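Q: Chains as they are written, first to last, in the numbering used here: chain A, 1 to 321; chain B, 1 to 321; chain C, 1 to 321; chain D, 1 to 321; chain E, 1 to 321.
Just so you know, the hints here were simulated from the structure itself, not pulled from any lab data.
Hints should not be assumed to be uniformly reliable.
Chain copies aren't distinguished; within one or between two, either way the pair holds.
In silico lysine to aspartate or glutamate, DMTMM-like type, Cα no more than 25 Å apart, as pairs [stated by the list, open to error]:
| id | residue 1 | residue 2 |
| --- | --- | --- |
| 1 | Lys13 | Glu156 |
| 2 | Lys292 | Glu96 |
| 3 | Lys180 | Glu162 |
| 4 | Lys292 | Asp76 |
| 5 | Lys180 | Glu166 |
Bear in mind the structure is a predicted one, so any value in this text is a computation, not a measurement.
Okay, here's what each chain looks like letter by letter:
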Amino acid sequence: MLINCVAYRQGIKLAELPVEQISDYLVHDDCLVWVALRDTTDAELDTMQEEFSLHGLAIEDARHGHQRPKLEEYGDTLFVAMHLVEMRDAEITVGEVSIFVGRNFILSIRNRSNLHFLGVRERCEREPELLRLGSGFVFYALMDEVVDRYFPVVEELESQLEAIEERLFNKGMARANIAKLYELKRKVNILKHAVVPLMETTGKLYGGRVPPACVNTQEYFRDVHDHLIRINASIENVRETITTAILVCQSTVSIEQNEVNKRLAAWAGIFAVATAFVGIWGMNFEYMPELKWSFGYPLALSLIGLTCGYLYYRFKRSGWL
Amino acid sequence: MLINCVAYRQGIKLAELPVEQISDYLVHDDCLVWVALRDTTDAELDTMQEEFSLHGLAIEDARHGHQRPKLEEYGDTLFVAMHLVEMRDAEITVGEVSIFVGRNFILSIRNRSNLHFLGVRERCEREPELLRLGSGFVFYALMDEVVDRYFPVVEELESQLEAIEERLFNKGMARANIAKLYELKRKVNILKHAVVPLMETTGKLYGGRVPPACVNTQEYFRDVHDHLIRINASIENVRETITTAILVCQSTVSIEQNEVNKRLAAWAGIFAVATAFVGIWGMNFEYMPELKWSFGYPLALSLIGLTCGYLYYRFKRSGWL
Amino acid sequence: MLINCVAYRQGIKLAELPVEQISDYLVHDDCLVWVALRDTTDAELDTMQEEFSLHGLAIEDARHGHQRPKLEEYGDTLFVAMHLVEMRDAEITVGEVSIFVGRNFILSIRNRSNLHFLGVRERCEREPELLRLGSGFVFYALMDEVVDRYFPVVEELESQLEAIEERLFNKGMARANIAKLYELKRKVNILKHAVVPLMETTGKLYGGRVPPACVNTQEYFRDVHDHLIRINASIENVRETITTAILVCQSTVSIEQNEVNKRLAAWAGIFAVATAFVGIWGMNFEYMPELKWSFGYPLALSLIGLTCGYLYYRFKRSGWL
Amino acid sequence: MLINCVAYRQGIKLAELPVEQISDYLVHDDCLVWVALRDTTDAELDTMQEEFSLHGLAIEDARHGHQRPKLEEYGDTLFVAMHLVEMRDAEITVGEVSIFVGRNFILSIRNRSNLHFLGVRERCEREPELLRLGSGFVFYALMDEVVDRYFPVVEELESQLEAIEERLFNKGMARANIAKLYELKRKVNILKHAVVPLMETTGKLYGGRVPPACVNTQEYFRDVHDHLIRINASIENVRETITTAILVCQSTVSIEQNEVNKRLAAWAGIFAVATAFVGIWGMNFEYMPELKWSFGYPLALSLIGLTCGYLYYRFKRSGWL
Amino acid sequence: MLINCVAYRQGIKLAELPVEQISDYLVHDDCLVWVALRDTTDAELDTMQEEFSLHGLAIEDARHGHQRPKLEEYGDTLFVAMHLVEMRDAEITVGEVSIFVGRNFILSIRNRSNLHFLGVRERCEREPELLRLGSGFVFYALMDEVVDRYFPVVEELESQLEAIEERLFNKGMARANIAKLYELKRKVNILKHAVVPLMETTGKLYGGRVPPACVNTQEYFRDVHDHLIRINASIENVRETITTAILVCQSTVSIEQNEVNKRLAAWAGIFAVATAFVGIWGMNFEYMPELKWSFGYPLALSLIGLTCGYLYYRFKRSGWL
């Protein structure tokens, strides 16, 4: 589905184009054509391939989707695949955006995601002096938008981790905590698979040999790269903490078990003593003088009570009860 | 066993050749000879070595099989070994294909596998403009086919993992889950040993110094490389998740044990109290007035029943029962 | 908030400047302007950007803070972000300092931290022969101060670890130890995120291609780099030891549980024997001769006592009690 | 102890030499002197050092043995140390071979090992066209022999691991399995220390800058390198599997304990119920009508039996018994 | 404290110098001044700085000590810091030696260690042809001595590990074993921190760009480097084995607990049966014919005895007792 198709000259919007006129504008070196599509059909992709003369392998990648984030050069044209990651109701969803960056055009194709880039186009049109930098700047602006949307996801994951951490040492929470940590790790890995390849990719957009379209905007890509490094550091921190937290959960279970065992042992001991006493006076020997005493019974009960009480006190003091 | 032996010129099929005529065609630079063998005998290999003038070490590798995936240059000729990985009835089987890529010939030798490449030859013959690119393109087409067949294997492994994950927190499944995770890890490692060396290998087929036969098809090999990186990322994800899942299984066992222990303790406590009561009234003291009461017995039973009931209620409420 | 704004010539203090005169002094190549700000407002930052002609992206980073430590070159000017790490009441707090290093100016902006650099300025003014080395030396002096303040933090973390280690094998401390180790790991990671990126950064300030401002002070930056390597080695050591210590804690819990179990088993055994004995003489058979003996009862009690005593002795000797 | 000392010209055996004549033959560039020693004395080494003008540090290494596998260049001469690894009665033994490779000589010194190289010399003498390649080829042939002998060791270790894996989930085997896995890891590490440094070493014998003696035989060394990579991959696989297997063993122990606990709890429950019943009818209340019934006793026994039977059935069904 | 201060020419000892004359000898290019100090005062260091014109940062490092092992070039002069590691009564102590290597001087400063280098000087003076190689050779000789002293420490650590391994599967040793393994790991890490940075350092003293003073002695430094690689491999092996051993200890504890639980369960079962029997015959039913039998009591005892005996036999056979 076509969203926009606009031509710019010197950073100023010329016109909204019908798709068929794209190639007419591309012959003018000072024009920039910026097309945005979403959830494209095969026919649309074929049109685009023709209008922009795109390489077959790249079009295949854009068509099939489910690409790993990557940047590939096909002659003058860059093909970039990025993941659009969103947090909806504590669940992660992943869409994709494929971007073709030519000498004087930008084609972005967004699939399976509601995150749109209208704001990017607006901001670019408001700053013609930057838009004048050409396709490289638009490419940066789109990438920056994609990466900026990773931050709230990381923060959400971090706060989910903190929520688990607060209950980490609570009794009886181990099963729930472990299940949540396991689930959280799965989510973190989804984000990681969006971030790490993109980080490697942006590292090639400044400093050394840089694709021609990005030469004038190296400092901007360094900034994006820096953001990705920061996000990645947070991700690694979360991942590592999850591993440690699972370990801690395991320990918590054992410690709790220890405590249950001690209480079990203590009560078993108290009742075993009582049972032994009543067993003794339940024996049928003929000559057991205390059985004849008038106060034998209350004395016996008191003795049993006192002994058990004393044991209870001892266990209490030593922390077993 | 010979499968095909065909000569092409400019991407067009010339003729099916008898094996002995191969060297006659090889002298023509514009001819491409494409030979496919399977489960070869020593004699066949010797013939091939002679017809194509192949290096002794490479022939030895093709003969003995069980090679690690690799690419070696012997002068103009490339020798490539790849694993053919199949999933049959949830079990992984590994065959091998050895490919010799010369300036104007391709020799593929498939061993211990039913995966065939007839489809590749067909598609190539249907697209003469690509087949015209020469042995490098055929090499790509074969490699692409091999790698494409890894995808369903990865997906099968991933879905086996998901099946385990669904039962991960079920009670009493720990032993079965761990056994399955262990088995799954073994399978994943088999695939990994097919993928990782091949990934390193294809990384050398584009970008920097590239073997002459592959110069015109670099973008295709980059595509294969990209597929392998994606497969490898999935593999690593599965491997890591398995490790975490085993850890989680361990925790589950401990947690379950905790629950058993608590129930054991609770019931032991209830019965210990009952036993203590009946023991008291089983004592043989002469002066135990309640023994004489008409309603002593039912009162005693009621008292015991109430006490145990109260304990049961308390344990129930605190989650021990 | 402005702290200082001073111009130097040949290492000698010329004058305290009002902010607006900065650009007047900057035109003199032999002048060095050194400005220090803290907790800046947007307006102050805008003034600074104008006076020193700073790059927009760098100013954005300084404004938003929460940067990963990094060094970026914008033309002639270096932008450096560092973390200021402090230990207050056993809790770690992190502030930031952003430094702009130009050919003949230094601008430092400190945020969310009480650690000040007045001592640095004082020492520099006392050693004009070093201050004469220019902005690179001031940059070194500030960085050295930041890094020197990491040492007491590392030492505090190490001593917290030692405090835990001393109680590592104490009984009943497992839960507290694990909670403390977990907390300690969190703190260590905070410091690590301050140190590692800065270490990578300083590694670029000597040896190979070095930013012009730092060429004359390479040996000093090597020294700072060396300090960071040392700090990092300590951090890694602490981190690794924490992991091992958690493992040890887990073992301790199991061992303690073993001991509890053994004691439980031993006492259960002793009382089970006593209960069996008293049960036997509580049976109602008519012909149980020992029941008629005058000394049957004391004999029985003695027999029970002796048996239990013997069991107690055996359990004691085998270490179960 | 001298084993052989032979001079070759153009791949053809000239004569067995007495040790003193070695230097006479070395002056002829077209001669190759190949000396094999074993368990040398200091005197023999001194003679060799003199005859071949070997470097003192290398001779020291050969004398003391217990070297890490390595390759060192001393001017024209290569010094190589390799481990000879053997499996005798499921136990690993490690010997050493030191090889000096000169422009036209080979000196091999074997220590603490019964693995000999007579077969290598025989094969080389049978193929004069290869032996003609000079000392580099002999060096390859010796190294190939050493590396080929690692394969059966790896296979033995793999089959030991498989033997353990088959019993991994058997009950009551945990202690034995863990002990064997620990022992197996020790053995694997011995082999690893033989293989990894040698692998790094052979990687330098083809491709880039190669010692002069090995220039003509690069493809052979690439083959050896490839073997070592394969061995190393197997080793890493075994090592990783051992770690996972120990983890699995730990889980198995916990699971088994769970089962024991459940059975314990079930039986304790059944007997606790029986004990409570008989305790009730052992009370001394005067008015317990059922005690007077003629069939009270068999009824009571039946009731107890039925209740316990029902409990048994319930526990059986829920898998606790 | 000054130990020695000697001037050499062409490897021959000229004279013991008073410290003040050092600079007089240094002007002669063919002289070598070799000074050894220990536990220096600030004044001594200041003198040395003056006599040898040493860089302030290096002097600071030597003064403060507690450096990470490192090598720094200050113009022509090398500054090297190494750890002196000793094993005294199974405890590791760490001292330091700082060495300044100039074109024609060597200054070694030893702190907090009793390991001295008198033997090095002696050996050097006995071999003037090597001492003639200049300051580089003395530097090598000192470094070689330092590294040689790591070997007995590694061996001691390895034998401590072996001592623990022998008791690894002994019952009741888990707590002691884990404590010792933890302690051993601490010691190993101390050695590691001495070895790894030094290993990296020596790797720069041969092969590529080498400091001028060490150019003629590259093969010697390669030898030292090789020793350090060997030591490091041993250290890594010990470290890895410790980790596995702790894992094994954990398993041992669980297995032991399993055994205790089984014995507990078995004895509990036996006594529960006995208690149930005696309880039955302790009931007060009027019509219990067996109570009237003459041999009722011995029969009952026999029945109980036989049943318990049979249970004992069954538990024994199934390994629970």
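Q: For every hint, state whether the structure bears it out.
A: Comparing the hints with the structure gives:
no.	hint	in the structure
1	Lys13 to Glu156	neither (38 Å within a copy, 50 Å between copies)
2	Lys292 to Glu96	neither (92 Å within a copy, 86 Å between copies)
3	Lys180 to Glu162	both (12 Å within a copy, 16 Å between copies)
4	Lys292 to Asp76	neither (112 Å within a copy, 107 Å between copies)
5	Lys180 to Glu166	both (13 Å within a copy, 14 Å between copies)
When the structure is compared with the earlier hints, violations turn up for hints 1, 2, 4 and for no others.
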